[in-house]
Structure formats: C-alpha cells, structure tokens
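Q: Residue numbers (the numbering used here), protein chains in the order written: chain A, 518 to 1124; chain B, 3 to 220.
Everything labelled a hint here was simulated from the structure, so no lab data went into it. No incorrect hints appear here.
Below 30 Å or equal to it, Euclidean Cα-Cα: the simulated DSS-like pairs (lysine-lysine) are:
| hint | chain 1 | residue 1 | chain 2 | residue 2 |
| --- | --- | --- | --- | --- |
| 1 | B | Lys11 | A | Lys837 |
| 2 | A | Lys1065 | A | Lys1122 |
| 3 | A | Lys707 | A | Lys728 |
| 4 | A | Lys707 | A | Lys641 |
| 5 | B | Lys74 | A | Lys837 |
| 6 | A | Lys658 | A | Lys728 |
| 7 | B | Lys37 | A | Lys658 |
| 8 | A | Lys707 | A | Lys658 |
| 9 | B | Lys11 | B | Lys37 |
| 10 | A | Lys658 | A | Lys519 |
| 11 | A | Lys696 | A | Lys658 |
| 12 | B | Lys74 | A | Lys817 |
| 13 | B | Lys37 | A | Lys519 |
| 14 | B | Lys11 | A | Lys519 |
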Amino acid sequence: MKRLLSGNEAIALGAYHAGVSVAAAYPGTPSTEILESLARMDGIYVEWSTNEKVSMEVAMGASYGGVRALVPMKHVGLNVAADPFFAASVTGIRGGLVVVSCDDPGMHSSQNEQDNRHYARFAKVPMLEPSDSQEAYDLMKWSLEMSEEFDTPVLFRTTTRISHCKTVVEVDETPQIAKRSPRFIRDPGKFVMVPTNARPRHPLMEARIQKLSSYVETFPLNELILRDRSIGVISAGAAYQYAREVFQNASFLKLVTTYPLPRNLIREFASKVERVVVVEELDPFIEDSLKAMGIDALGKEFVPITGELNPQVLEEGAAKAGLLQRARKTKPERSPVPQLPLRPPLLCPGCPHMAASYALRRLDFYHTHPQEDPASGREVLGELKRQGVIATSDIGCYTLAVYPPLLALDTCACMGASIGQAHGLEKAGVANKTVSVIGDSTFLHSGITNLVNIVYNRGNSTVIVLDNSTTAMTGHQGHPGTGITARGEEGQRVVIEDLCRGVGVRDVSVIDAFNLPLIEATIRRCVEMQEPSVIVIRGSCPLHVRGKGTALAVDPEKCDSCFACLRLGCPAIVIEGEKARIDSFQCLGERCSVCLQVCTRDAIKAG
Amino acid sequence: MPSRQGRVKTDVLMVGVGGQGVVLASDALAEIAMKNGYDVKKSDTLGMAQRGGSVSSHVRLGEHIFSPIMSKGDADFLLAFELLEGARSADYLRQGGVAIINDQAIPPLSVVGDASAYPSTSEVERIIRRYTDEVYFLPGREIAEEMGNAQVLNVLLLGFLSRFLAMDEQAYIGDLSQRVPARFLELNLRAFSRGREEAESRRLAKPIGMRERRRSKR
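Based on the sequences and whatever the hints tell you, model everything.
A: Rendered as structure tokens:
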C-alpha cells in the first residue's frame, strides 16, 4: 500500500516492521517524530529518557538482553550520548542496535550544523544514509540485520530534509514481525570492559570494518546509473535528490552505505566516467575518502561547505564551475524581493516564560554599558552594579527571549550548560551576579548534575527553572517532571523542588509564572544571597490549556501610548491608531494578565 | 485529465504565519495528489517556535520528483495565507505562475514596535506582479469569519487552489473527511466549496493540472 510518510515516520514504521522491541529517546528536532510514531504502535516498549546518554544506555541494555533496539536523536544529542555510543562499538551487541542521528544542516532549529558522518569513522561503526522515505523504511531492516551480522551498533544518519519531508512509500501491509526473545547470556569478556577484556576487542573492531568493507561492495541499495559519461556524480542522502534535479543527464553513483565506502564500486564508477563530481552537504566526507584513494574528484570547489544545500545553490555552483554550460532554466533576470520586515518566532500569548524574561530585562540584567572603560581599558567599578546580572540560558522556548523586545539573555550553548556557565562565571571572579535559566525538561535532561556541582563546590548561583510542565518546543512531550510517559500514560512524577532540596539546596522557592512582582522580588532576594538558590517559576504552556479566560482589553481613554506593554513581546498586543490594542482572538485573558501588571496607567482591564 | 506523459510537474508553494493552518492544507494536497497517482514530495520550513513565525510548505507533484524543495522561479502556484509572507516568497513564482493571496495583514512584532513598516496591499501587489500577471486577492479571513470560524481559512484557500488543479473535487472531500474532526467537518466542507466558488467567480477556471514544462535544450 502506498502511504505518504515523512522520513521519521518511515524510520519508525520500518523499525516496527523489523521487530524492534525497545526504543528510547529524548525529543529533539528533527528527530522527535520517530519516537512519537513508535509510541502509537502496540507491542513495543518506548520511553522519553531524561537525555540521549540515558536513552543510549537503555537501548544498549535491551540489545544485551537479546532484543532489537532503536535510539533516535538529533545530531547534538549524539554528543551527549557519545560515551556509551563508543562503548557500544567496543562491546558490540546481541539484539540489533540502531542509532539514528538526525542532522540539521542549515540549523533550522539547532545551535550548530555539525556533520555526524564523522562519528561513524570515529567510533568505527557502519553508517547508512537514506535518500527518501522509501529508503528510510527499507533500510531499517537492513540496518538491524547488519548490526546483528557484524556485532556492531549501526549509525543511521538522516538530515532535516529526509526526516521532515513527506515522500511516497510502498509499505508492507502484512509484515512478518519476528521479535527476538529477551535473554541475557553472561559474557564478561564481551560486556565487562575492564582493560584486559577491552584490549582484545579493538582488533576485533578493526577486523569488523574490514569485513564490512567487502560487504558494502554488493549492498543492493547503492545504485549505479550510467548515462552521459562526461560527468559522474557521487552523492548520498538529500544531496543526491538535489543532484538528480540539477545534473539531469549525468551518470550517478548513489551511496547508501557511506561508511565504510564501497571502494571497488567507486573505482569502477570512476573508471567509467570522464570526471568525478561529489555532491554532499557540509563536510567533504566522501570527497576526502576519494582523494585518499587517489581518485581525482571535484566537490567542495563548487558545493558549499556550510549551510543547507538546495537545487538552486547547487545549480549556481555547478554553472560557475563550468559543469553546466548555463543555468538549467532560462529565466528572466530575477529581481530580488525588496527588503521586507522579518517575522522572528515569538513567545506565545499567555506564555509562562514571558513574565520571568521581562523581569530579567527590567532588573537591568540587560547590558547597556561596556564592561571596560574604552579610554583607560580598565574596569569601571562604579558601573558594575548598573551592568547588572548576567543571565545564562539553556535551550528551549525561553531562549526566544534573546530576541527583541525582551533581550533578556546573555548565553546559550547546549542543554544543561546554563547552570555550569553561571557557576563558571562566578568562580572566575566575574563581579556581576549571575542567574541561570533552564526549562523543566532541560533541567532533568542535564541540569541536575550541574546543580549538584554548585552545591558541592560552594557556588552561590541562582538557578531559575522555568517550568511549563512539558517539553514545549519539540511538541509537548512528557518528561519525569510531568509524570506523563511517551504513550501518554501516567507515570511517577518527579517533583523538581523536592529534588533540588534533596541535593542540598536550602533556598528553594516555587512561584506562579504570571505573578510579575513576586518573580522580580524573588530574583532580587536570591541573587544577593551567599548560598545557592533555586526558583521554580511554574505555569502551564498556553498551547496545553483548553479553556482560555476572558480576553483583556485596553481602555483607549486611559492609554497614554507609552507602549510599555509592547516590551513584553506578546503577539496579542498591537498598535491601532496610536493606542495599544489587545487581539481578543489571541489573548488568554486573566490566566496571564502580565500586560495588566506592566501597564502604569491602569488602562488594561479584564474584557 | 492532462497528459501524464513527458516531463510534467506541478510545484505549489504555500506560505503563511505559524498557527494559520498552512501545514494541514499542504498535507491534504500532498495526500490527495498521491492518491491520484502522482509522485509527491512535501517539505515544510518552519521557524523555531510553534507560533507566530514564517511558515512555508513546498508541495511538488508529478511523474517523478527528486528534490523535495523547489528553487526560486519554479513555483507554478504561490498560495499565500498572509500578505507579507506572499510578498516575501514572490520570487519563487515562475513566469506566468499563479499567485493566490489571502488579503490579510498580520504585522510582525518589528512592525508593531515601529522598527519597520508593513507593506501596503498595493505594494504587495506590485512586488508580485514583477513575477506574474495572474494574481488573485481574496478576503479569506472575512469570508471565514462570516462563515462562523476564522480557522477554516486554510480549507477555504485549498478550495480556491483546487479549482486550478486537475484533480477531482471528491478526492479533496474524501481526504478532508478523514483529516478534520467530525464536529468541524460540515463547516470545513462548506469552506472548501466556498473557496471553489470564489475561484470560479474570479476566473473562468479550467483545470490546468500538470502544466507541461519546457525541456531545457542543453
């Protein structure tokens, strides 16, 4: 039966049909929908883990127990999970173990655009890359079989344009789902990696790659298309589709096994075409291998090394490099669209992060003054107080407060980093007070260890946990703080404030996310203290709340057009005829009322 | 139905603001095209947040589609749910393509905060006319509200677009019946027909379906 599936949905269905028994993940764009899809299927264990390292370890345990396991994550998630990922490469597996890395070239929703193909070579594990949803579906079975045949985890790598694009898939309507029976067989030489056991594993890993190198030579999904021999394009993944669109008559070698590479197949292809061209996104991963094999290839000379590729960029590059005689289409000179106002994403109307972000800004935590006097190059001590507190941020919806008009945040690196960075700033002797913000899900992901570190090392940081009781940015997944499992069932809830007290934080406040004066007063009090503190600011995500209150309204008689309310960045507040107006369709009313609290003229009233 | 021989392909670009229902409309179109026997690829470009940011959805249908995203100058149809977003993506239109623009302004915060100016409807029209002459402005939000619910805007626009595509009306209705919650179905089906009527009244619409593409003479 034909179905229109995204790459992620196809991966999930492929894994399900291939008999995967356990799947564990932490949500992260563009990987999230893989676990979400699996959570809707019967007869498989799925969980949202607290972070990717945990999910990898859960999957390893399942694999050691003899069943097939899947662990999907976004590219930066593999950094978190790198330790157990490398360990799994050393021990090998029992039941098939597939690690899905969903990379994000172009950084649609990520902090970097690292090319995770390097992880395959680094960890010495085979890597497969689908170029559409059909291949994603078919490849899951191959990956699991390859994993078991070669005693190795398999890296299954996609990019956003594979994960999130919907393409037509012929799915098996009556799949033979053969599940492995769980059974752990004690084997310390394989599973207990003390040095004496680990040393003999390394030669085995090297031998494994050798065997895989011959195996991939005849891998049926690597496709050789011989047409016009003047240009032979080698490509994989989404880049292959762009290349097919641009080089309409060229010969192609589409690679699905991108580590190890089928070297003989590549040599054969190279010998049949006049000129070898490599089309790949980000790093010259394939190109470098070709060059090391002594094959002359053109690649990064005309395909950009940064950013997401698309047919247009490829076509322009190819035309410049003389690979296409002229642009494929004869188009009239396209005049660029004039400068138009941008539309950056915003916090939603009624967002529980809005008041806290506004408080950070209002307490003059926003840097308006230089750190140093430019004339003398010395720090101006008298200015320090006014430079205010540094707000280190984590990754989640609240990171949007870095944009105007809130401009409330000073750093954002990776999950869990905000707390560590604040502690680092303090211990470095930076005179400013520091506040770190982190979401509820991110706190449980990797904030806890950082909080423990502050307690143990006598830090004085103030940690603000912005608790909207969901993992909002990736689409409202559950986490331990919500007590809702991946299947939407009830689990045991972890209470964040209790946890913080448990690790030794004595000053823990829990306050309402819409009470602006209380938020402000609490932050003021906590930053002055000589001990660590945690402020849990709690309020539900507005997209989770069913009934909304009566919308607020602006009394135009009282509004003096100071527009203090606009500094909240609430999408429901607009200007109409020189006065502020609240869009009743978007406003969540008295549930939120933060604008009412910032209005100095008392002009905002319950509708 | 038009000929499916040769290189036939239709590229539809849908753009709008997060929360307007662009993705649901493009999902429906892609699914219907697949059921009509076409190869389909569909790709959404979303901002970081769930709401309020720019959203665009590339839907490509034809005999065999490679890239899931189209290039500028490729789009046969630009279906804009909002004026500014329509103007922003105008250069995706191919010469002689069709622009269908919902005549609704949702000012971004930079405009509300007075940092930049929102283009007037005539400015938007001028921008779009640089790429094509076939432009339809539709008071979609008003019609949807008048029908009782602003949220049927996406289905209304899909109905308008459907009048230009060579796929059976029943296919859309069948798909919507599965996609839309039962209690909103009747309203959505009315919005769909209303969209088709609006298209008919503005143009003696005959299905143009898979438009023949000129093959490059390389």
